[in-house]
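Asker: Residue-level listing of the chains:
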Amino acid sequence: MSDNHSFRLATGGRLIDRAYQVPFRFDGRQMRGLEGDTLASALLANGQLMMGRSFKYHRPRGPIASGAEEPNALLGLGRGGRFEPNQRATTTPVVAGMVTSSQNCWPSLNADIGAVNNWLWRFFPAGFYYKTFMQPRGAWKHLFEPVIRRSAGLGKAPTEADPDKYEQAYGFADVVVVGGGIAGLAAARDAAAEGKQVLVLEQNPHWGGRTPTDHADGQGRVDALLAELRALPNVTLRRNTMATGLYDHGYLLAREALADHDPNQGIPRQRLWRIRAGHVITATGALERPLAFAGNDVPGVMLASAVRDFIGDYAVAPGRRIVVVTNNDDAYRTALAALDAGLEVPVVIDARSTADGDLPQAVRARGVRVLTGSGIAGVKGYRGVEAVKICDQTGSGDVRETVEADAVAMSGGWSPVVHLWSHCGGKLNWNADSVFFAPDPARPPLGADGKGMASATGAAAGDLRVAALTGAVQERSLLPVWVMPEHATRKARFKMWLDFQNDVKVSDVELAAQEGYESVEHTKRYTTLGMATDQGKVSNINGLAVLSKALSQAIPATGTTTFRPPYTPLTLGTIAGEARGEIFQPLRKTPMHDWNERHGAHWEPVGHWRRAYCYPKGGESHAAAVAREIRAVRASVGTLDASTLGKIIVKGPDAGKFLDMMYTNMMSTLPVGKCRYGLICSENGFLTDDGVAARLSDDTWLVHTTTGGADRIHGHFEDWLQCEWWDWKVYTANVTEQWAQVAVVGPQARTLLERLGGMDLSPEALPFMGWAEGELAGIPARVYRISFSGELSFEVAVPANRGLELWEKLHDLGRDLDVTPYGTEAMHVMRAEKGFIMIGDETDGTVIPQDLGLNWAISKKKADYIGKRAQERSHMTDPNRWKLVGLESLDGRVIPDGAYAVASGRNGNHQRNTQGRVTSTYFSPTLNKPIAMALVLNGPDRMGDILEFTNPGGEPVKARICDPVFYDKEGTRANG
Amino acid sequence: MAEALATITEIATPGMIQIRADLDRAGDAIAEAAGLAIPAQTRFSAAGDRWLGWMSPDELLLILPRADVAEAVAALNDALTGEHALVLDVSDMRAGFDVIGNGAGEALAKLAPVDFARLAGDGVRRTRLAQVSCAIWPVGGGYRVVGFRSVADYMRGLLQGAARPGTTLAPR
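Protein chains in written order, with my numbering: chain A, 1 to 976; chain B, 1 to 172.
The set of hints was computed from the structure by calculation and includes no laboratory data.
Each hint should be verified, as a subset may be incorrect.
Residues from chain B shown here face chain A by an in silico Cβ test under 8 Å; the list is partial [said to hold, decoys possible]: (1) I11; (2) H84; (3) D92; (4) A130; (5) Q131; (6) S133; (7) F148; (8) S150; (9) Y154.
A virtual CB, placed ideally from N, CA and C, is assigned to each residue, including glycine.
Isolated chain A (complex conformation) (with noise of 0.2 Å):
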């Protein structure tokens, strides 16, 4: 076996303490790991070094970098709602007790079934999924899709509600630095020095970056820094608190992991900062390229700079024969960890035809043989590295030498991560001489006064080795190298990877240009390159390098893709935060609305608030309950929880004016004292809204909306106020919550409020659509003569912390009266048997109140109302509009809700013609028959026509058309 080449070095390991042993568990098998360790390295430390397989020819896969760049060693963690897809083994902190398993391969890891994929490779080119499952049409729905899915995907969902919290807070600064590496620190230092108030965001548990790991007195020179800045009142400090993106108005989303592996703390598990940044200052370091050779993904085969963090960090080396393959100084730092921790360097192999530089020489002093102007043309071995065969790297790859080893260092140079400052349009340059896409820091995002908002700073602005604080050597220049060796064969090119995640070769991307592919973001889509969970963080530059090489054009005029947000994975639950369970969504409730509970209410969510659908009794279904209370109603007297009705005040000497503009009818001219029936259109003619208005004073109106419209209407007025008639003296308020509402219904109506006592409310005193104020009981009250259901109504509203009281009372008070509490079912059920349109039922967006018949409440007089004109125009105005009808089912069965009436042919799609559409659909408990309203063509012209309605899985519904008013069409029943 080749895998079992990783390993724990007996000293050393700066972020383990090897006293405490922690631990866990890897697709069932019991491991060890120390305090410090990541997942990664613990897997190392245990021998174990593959940890995935790719993702579409299941390549068996090790780590290649140490930290949230890393595209392979992606695990599932955890158990049922805790289970995570996908976590990164590199940036995952080992705890005591963790279980965790590897993905994308069945039956196991060893012994993979879909690697056979990999011996396929030929039949899976760039845009393999195109060009295969293009016909027959209907194919890739049901058959290809459906395979595909269920053999692809790298993690699986979890299936369990997720245990943990999770909250979100909003944190403020003048300036964020993002990074705790060196140069971020010193950032810190510098803007605190100015007075503001600086936080700094670093997503590791570490402070530091590279620094320590790769200068001689590095970590010293971070303590310095910490320890200044820890003193200084105006910093804030940080750790495992990740930037995911930055949006417009320096808005800064950075999840902070709190508890994330341990999650019994009873803690949030993570937290999403929502920070407000005067500015910020990306201090996010740079990331290693790895090279493009034949073999490159072989576990074993990492970047130059994890092999030294797994040496340096956590004391594990992935080899004891580690060749180093390189474009640039800084991998020699490799060679001398690996030699200092006691390792074999057989070899350096650096692609440049010289090497003199300060590094370089180190490593022949230590007696390595370094061989320039050469590259590696392949690497032997499957599941672990056996050996490298060495050639020229100017060549095609013919092999000088084959040398064993069992590890390989790569660097192919180093890219700045530019992913905040893209976030937000900060552009790039190319930069030829490092070789890398950098800040132009004459480009910056820009903030709200037009001046940049973000500044890069360190190797994240191109200053690679930050020598000013760092105190590095010298390097020389590096050499651009995008495929080893430069004339490699075809052959070969199909084993040089770029995005290891998502198999995407050198090959492909050759390609997708020669079938014509320029824009580098249509290669990504055709290829994949870079759009697996790590958005080819260590793939990209190579990527669209070798596109370049492809279409023989400079690298800038290729280009890169788009930074999106977020920089790694967020878990869905930090989105969430705390909007779940019971607070999901706030659920407004009515001050009836305990004992609505108690008395059995089933709700009906209406907006956000809960309303009484019925109050079933017993075992009562809720029809029989509808039926009942609708009985009850119009045999003596019920009450409905109108509370939530939307009352808006509209008042000032404009008042009038105005709300004739909002209205289709007149409402200057309502007396006071007197309330009228009024719609509400949108600028395009729709009707979006009635109610009722009451004219409370010569100044004053109190609008009724509906229970879903409150909000809506109250915006709508303030919209045309504060944006078209800014000089109309009008103020509105949303009094929707001042006020518990009662709809007391039925002949036994005045019956039960006289009881109360306090007010007159004989016909004479408070004739149908009036209002009178006063006290009931007490209470002060404001009674409107309303009626909604046809029978004799007084909606009454007294203060919010008064409403129970109320309702009780006329429970209290009526009980040999049979009062009934009644849902919002029964009133909808009432209002369809009087032939009252609903908005929302009779409404859908596309219907105007001509449409309903309801021309009457239009004024012809006004010479403007909001959707006047709209109405005006010819397709408003066909008479072929469908109007508004009632329906009588011809063989008793209620007919479907929104069925549609069929007429005679097809049309263009070959659907049936229709003519019609049912909008309200009940069975009457009054009437004891099924009614209905609809939209029909021609309607009202058509009165005794018979209608086939549509009827999914049953015979369809013939109906005649009649009147919408089915009940007391004479309306004296409003009269009591």
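We have chain A already, so just place chain B on it with the hints.
Answerer: Here is chain B on its own, set in the frame of chain A:
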């Protein structure tokens, strides 16, 4: 177990009067009738059992004992005679909570986009608590949060969750 960041207590909502008017023109008359100085933008003025807060460029909120509401509404209407103004008793549409304790600001910072470190002792914010609107201002030992009555249970749930023991925002 650590202590909660703050204690959450629902208050019996006092009287509240919404006042809208041109504050430049009518400020003196309102101040006289309310018995308090007109507060500066985003501030409140208070004396005895009365509190007057800035809500918007043409809106104030007067808080006072419930028993005094009717008289104050009448006094304000009198004072604003001839002005385009709106004076409304809104005492019943509100719910309020006191969030008291050393971590009160931290708990609220999880729910309201407010920089509590920079909120003046007489500062008031008309803002939101997660998904609902509210006003927040400092009171002895913490903050008072006033929102709408229909969502009182939601607000209580939010505040208790945000103040859960061990959830300090301090860096760790």
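Asker: Hint by hint, note whether the structure agrees.
Answerer: Hints, verified against the model:
1. At about 14 Å, the closest approach between the beta carbon of I11/B and any beta carbon in chain A exceeds 8 Å, and the interface hint on this residue is violated.
2. Below 8 Å, beta-carbon pairs count as interface contacts, and H84/B has one with chain A at about 4 Å; its hint therefore holds.
3. The beta carbon of D92/B comes within 4 Å of a beta carbon in chain A, closer than 8 Å, and the hint placing it at the interface holds.
4. Restraint check, A130/B versus chain A: the minimum CB separation of about 6 Å is within 8 Å; hint holds.
5. The interface hint given for Q131/B holds, since its Cβ lies 5 Å from the closest Cβ of chain A, which is under the 8 Å cut-off.
6. Taking 8 Å as the C-beta cut-off, the interface hint given for S133/B is violated, the closest approach to chain A being about 10 Å.
7. Because the closest C-beta pair between F148/B and chain A is about 5 Å apart, less than 8 Å, the hint holds.
8. With a cut of 8 Å, the hint placing S150/B at the interface with chain A holds, because the nearest CB-to-CB distance is about 4 Å.
9. Annotation: Y154/B was flagged as interfacial toward chain A, and the flag holds, the nearest CB pair being 4 Å apart, inside 8 Å.
Comparing the model with each numbered hint stated earlier shows that hints 1 and 6 do not hold.
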